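Once you've looked at the hints, dock chain B against the given chain A.
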Amino acid sequence: QKEVEQNSGPLSVPEGAIASLNCTYSDRGSQSFFWYRQYSGKSPELIMFIYSNGDKEDGRFTAQLNKASQYVSLLIRDSQPSDSATYLCAAPQGDSWGKLQFGAGTQVVVTP
Amino acid sequence: GAVVSQHPSWVICKSGTSVKIECRSLDFQATTMFWYRQFPKQSLMLMATSNEGSKATYEQGVEKDKFLINHASLTLSTLTVTSAHPEDSSFYICSAKDPGPLMGELFFGEGSRLTVL
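The listed protein sequences derive, respectively, from chains A and B. So the first sequence is residues 1 to 112, counted in the working numbering. So the second sequence is residues 1 to 117, counted in the working numbering.
Chain A on its own, in the form it takes in the complex:
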């Protein structure tokens, strides 16, 4: 069974520091990965997706994908209290972009 694994945390990060989140996956055939942010009681919102090896940057967020090692990470630079949320890593099941398998999520707490 395909699995997406994340450390549940909580990950405590001082304001202004870098938060580093990791995700590993079991399906070597997975080609693309998504990072979602979910505030308590709310639905997930897409932060970014990545499908090429290497880094992808979008504002304060950088996703890193290493297909050989089967991990994808998310860096949050200059962490703000508003970044406190659960971050979900997801990969499509099969060839459908809509059917996502989510990791358990990592809770991030940014402390002032």
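Simulated from the structure, these hints should not be mistaken for laboratory data. Honestly, I wouldn't trust all of these hints.
One side only, chain B facing chain A, incomplete, derived with CB under 10 Å [claimed, not checked]:
| id | residue |
| --- | --- |
| 1 | Q6 |
| 2 | C13 |
| 3 | K14 |
| 4 | E22 |
| 5 | S43 |
| 6 | M45 |
| 7 | F67 |
Since we're looking at a predicted model, the values are computed, not measured. For every residue, glycine included, the Cβ atom is placed at its ideal position computed from N, Cα and C.
Positioned in the frame of chain A, the structure of chain B alone reads:
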């Protein structure tokens, strides 16, 4: 950007009753929508794929007779939890993919929190 809307946001019902949740794509047509369920402090689990004009496809372990899905139009999918029980209390979230050219354009509804007493 594309928006997916769910209704109701909150619903409380008695055990044994049925509850219908609507998922609408507001500014795009969605031939396929997806229904997820999230229990407290757990991640989202895909329940089923809703296909416009045809039967839904359910994930393993999800009872199709209990979770009725209807996708009667290109902008509306409904999930009906039949004979709800307290263990069905959960956060139900739908999603739809904008059929545009951009990869990753999967939009989630606001979610519907069901509490069964």
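Any hints from earlier that this structure breaks? Give me their numbers in increasing order, please.
Violated hints (numbers, rising): 2, 3, 4 and 7; every other hint is consistent with the structure.
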